[in-house]
Structures are given as C-alpha cells and as structure tokens.
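Asker: Sequence:
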Amino acid sequence: MGIIERALEKKAQQQNKSVSDEQPVNEGIVSDPLLQKQQSPADQTLPTISSEDQQPIAETDREFEQQAVQIDMDRLRDKGMLVPDLERNRIKEEYRVIKRRLLNTAFNVAGPLADNANLVMVTSANPSEGKSFNAINLAMSIAHEQDRTVLLVDADVVKPSLTKELGIEPRPGLVEYLLGKVEDIGDVICNTNIPRLKIIQAGQSHHLTSELLASDKMRALVSELGARYPDRLVLFDSPPLLGVTEAHAMAQLAGQTVLVVSQGRTLKKDVQACIPLLNPDSAVGLLMNRAKPKDKKYYAYGYYNG
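The UniProt record's numbering applies: residue 1 is where the sequence shown begins, and numbers increase by one.
It cannot be assumed that every hint is accurate.
Under the rule of at most 20 Å between Cα atoms (straight-line distance), these lysine-lysine pairs were calculated in the PhoX-like manner [unchecked claim]:
#1 Lys79 / Lys292
#2 Lys268 / Lys292
#3 Lys79 / Lys164
#4 Lys164 / Lys217
#5 Lys92 / Lys79
#6 Lys292 / Lys92
Pair ranges (Cβ atoms, derived) [what the hints assert, rightly or not]:
#7 Leu267 / Ile91: 34 to 40 Å
#8 His248 / Asp184: 26 to 32 Å
#9 Ser128 / Gln204: 19 to 25 Å
#10 Pro230 / Leu267: 36 to 42 Å
#11 Lys292 / Arg228: 38 to 44 Å
#12 Ser161 / Asn193: 17 to 23 Å
#13 Leu267 / Asp184: 23 to 29 Å
#14 Arg77 / Asp115: 17 to 23 Å
#15 Arg228 / Lys268: 26 to 32 Å
#16 Arg90 / Lys181: 41 to 47 Å
#17 Pro280 / Pro230: 22 to 28 Å
#18 Leu267 / Arg228: 23 to 29 Å
#19 Asn193 / Asp147: 19 to 25 Å
#20 Arg88 / Asn193: 19 to 25 Å
In case anyone wonders, no lab produced these hints; they're calculated from the structure. For each residue, glycine too, the CB sits at the ideal point set by N, CA and C.
Working from the sequences, and respecting the hints, build out all of it.
Answerer: Here it is, written out as structure tokens:
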C-alpha cells in the first residue's frame with residue numbers, strides 16, 4: 001500500500017472516530033458503561049425530561065402581554081361608545097373635555113403634582129349607574145393622545161364587566177396576580193388592537209375579593225403602577241362605593257376619583273355618603289351620566305369642592 005493510500009485510510013479512520021465521539025446521547029441515557037458506572041444512583045434514576053416539560057410555566061402567561069387582544073369595535077359602536085375613527089361627534093367632544101382635566105391634574109399641568117395623581121378610580125355610588133361605560137370611554141379618549149398611554153384595569157372583581165363590554169376573551173388578570181398564581185404583573189397586562197391602550201382583566205371570581213383588594217399586595221401594586229409608568233394614566237373600573245366594601249381600600253389609594261352620577265337615578269344622599277369614603281387628598285370629579293342638557297356647550301362634569 002502506497003503512502004497516499006495509507007494516508008487516506010488513516011484520515012478515514014479519524015473521521016469515523018470523530019463521528020462516533022460526537023454522536024448525541026439517545027433520550028438522555030448515557031451509553032458509555034464507564035460513565036454510567038461513575039454516576040451516582042440518584043443520577044441514574046432521573047426521569048427523561050422533554051423540551052416541552054422544561055418550558056417555564058410563566059411563559060404561557062407572558063404570551064398574554066405579548067399578543068394583542070382584539071377589542072370588538074362594532075360592539076362598542078352599537079353600544080354608543082367611543083371608537084378610534086376620524087368621525088367627530090358630540091360624545092367625543094364631551095370626553096375630550098373630561099380627559100383633559102384628568103391629564104392636567106395627573107401630569108402637573110394645572111398645579112402641584114399630587115401623590116398617585118396618574119391613578120384614577122372610576123366608581124359610582126350604586127351598581128348600574130354607568131361607571132364601566134364611562135371608564136371605557138375615558139380610556140378610548142385618552143388612547144387618542146399622541147404622547148400618553150392608558151392602562152384600563154377591571155378592579156370590579158365582584159361583578160367584572162370590561163371583558164364582556166369590550167368583546168374580548170377572558171384571561172388571567174388582577175385576581176390571579178393577587179393570589180400569587182401569576183408572579184409578574186406584566187404577565188397580565190394585555191396589549192390591544194388600539195396601540196396606546198392596555199388592559200388588565202379582573203380574572204376569575206374568588207370568595208376573598210374584599211380581602212384581596214384590601215391586601216398589602218394590592219396596595220403595593222397600585223404604588224408600582226403609579227411609579228413604573230410615569231407617562232401613563234391608569235384607570236381603575238372599581239366597584240360601587242355603597243353596599244360593598246371592596247372599593248373602600250381602593251378609594252384611599254387613587255390620586256383622582258371620577259364619581260359617576262346617573263341623572264334621575266342617583267340620590268343626592270348617596271353622593272354625600274360616598275365623599276367621606278374617598279381619599280381626602282385626591283381630586284374628586286363628579287360625572288353626570290345619561291344627562292341631556294339643553295345647552296350644547298354644557299358638559300356634565302365638575303369637581304367636588306367639599
């Protein structure tokens with residue numbers, strides 16, 4: 001055998017040895033008897049773990065923040081709510097006036113910046129007075145701002161309505177975070193098909209709703225939302241103030257409160273009963289819902305002055 005033939009044969013043997021050494025281990029089982037002998041008994045009894053099993057549990061929740069939920073615009077339009085189009089109408093002009101006061105107070109335009117001024121609680125004295133309707137419309141109007149974003153939080157965990165009103169699929173939300181089922185609040189913040197609008201759904205109902213909203217974790221969350229996003233207005237669609245206790249703790253945390261008053265429905269004594277429950281340092285605005293003023297320049301919104 002010539003030198004060239006011997007060299008080619010040697011090279012082929014080296015390549016075969018290299019391929020054998022680099023052959024992957026089959027299903028996590030070590031094939032070399034010597035290596036198996038050196039392993040501890042605990043190592044030998046470890047079960048095979050597939051790549052699907054290795055995926056972090058939180059990855060599923062994190063998809064909610066990454067994938068935009070699709071708000072049903074036709075549903076909102078049919079209900080007389082704001083939609084992001086170019087049409088000018090009366091309801092848009094009314095909410096422009098209301099949101100401008102909220103933004104001016106939140107971002108130090110009208111005066112000294114109050115604590116948590118970018119955290120706004122939208123509530124009412126009693127159920128069915130229009131708080132969710134107004135919370136959605138305010139969020140839609142603020143989302144039209146060029147340099148602001150808005151986070152809409154369904155904090156009415158007793159009787160949540162945002163998921164239904166927006167026509168979106170239910171997903172883990174505020175309750176799951178407060179219970180510790182979701183570790184990072186970012187995992188339940190959902191992007192939407194409206195670029196500057198994000199939402200947190202209420203999540204599943206729970207028998208400890210009052211305790212959850214009054215917990216230290218909820219208080220810490222509110223502070224975090226106010227500090228983490230200084231250019232964002234956070235709207236909380238909160239439970240009614242009278243007859244339930246869930247909203248009382250939230251009322252002390254918000255820097256601004258929009259108290260929805262339904263014309264011909266809300267009693268004056270109920271409004272008066274709500275005021276002592278609110279944060280005394282917050283700016284409180286009264287929003288007249290279902291109002292039909294004769295003056296077209298009149299907007300049913302004003303601040304409570306004590």
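Asker: Each of the hints needs a verdict: does it hold here or not?
Answerer: Hint-by-hint comparison with the structure:
Between lysine 79 and lysine 292 the alpha-carbon distance is near 17 Å, which keeps this suggested pair within the 20 Å criterion. Restraint check for lysine 268 and lysine 292: satisfied, since their Cα atoms lie roughly 18 Å apart, inside the 20 Å limit. For the hint linking lysine 79 to lysine 164, the alpha-carbon distance of about 12 Å falls within 20 Å, and the restraint holds. Taking the CA atoms of lysine 164 and lysine 217, the gap is about 27 Å. The hint is violated against a cut of 20 Å.
Straight-line distance between C-alpha atoms of lysine 92 and lysine 79 comes to about 14 Å, which keeps the hinted pair within the 20 Å bound. Simply put, lysine 292 and lysine 92 have alpha-carbon atoms about 15 Å apart, close enough for the 20 Å limit, and the pair holds. With their beta carbons about 26 Å apart, leucine 267 and isoleucine 91 fall outside the hinted range of 34 to 40 Å. Here the CB-CB span from histidine 248 to aspartate 184 is close to 27 Å, well matched to the stated 26 to 32 Å.
Checked against the given bound of 19 to 25 Å, the beta carbons of serine 128 and glutamine 204, roughly 23 Å apart, stay inside it. Checked against the given bound of 36 to 42 Å, the beta carbons of proline 230 and leucine 267, roughly 38 Å apart, stay inside it. Taking the beta carbon of each, lysine 292 and arginine 228 are about 41 Å apart, inside 38 to 44 Å as hinted. Taking the beta carbon of each, serine 161 and asparagine 193 are about 20 Å apart, inside 17 to 23 Å as hinted.
The supplied range of 23 to 29 Å is broken by leucine 267 and aspartate 184, whose beta-carbon atoms lie about 43 Å from each other. The hinted window of 17 to 23 Å between arginine 77 and aspartate 115 is violated, with their beta carbons roughly 37 Å apart. A C-beta distance of roughly 39 Å is found between arginine 228 and lysine 268, which places it outside the suggested range of 26 to 32 Å. The given range of 41 to 47 Å is respected by arginine 90 and lysine 181, whose C-beta atoms sit roughly 43 Å from each other.
Proline 280 and proline 230 have their C-beta atoms about 24 Å apart, which keeps the hinted 22 to 28 Å range intact. Roughly 39 Å separates the CB atoms of leucine 267 and arginine 228, a value that falls outside the hinted 23 to 29 Å. Evaluation of the 19 to 25 Å hint for asparagine 193 and aspartate 147 yields a pass: the beta carbon distance comes to about 20 Å. In this structure the hint that arginine 88 and asparagine 193 lie 19 to 25 Å apart at CB holds, the actual value being about 22 Å.
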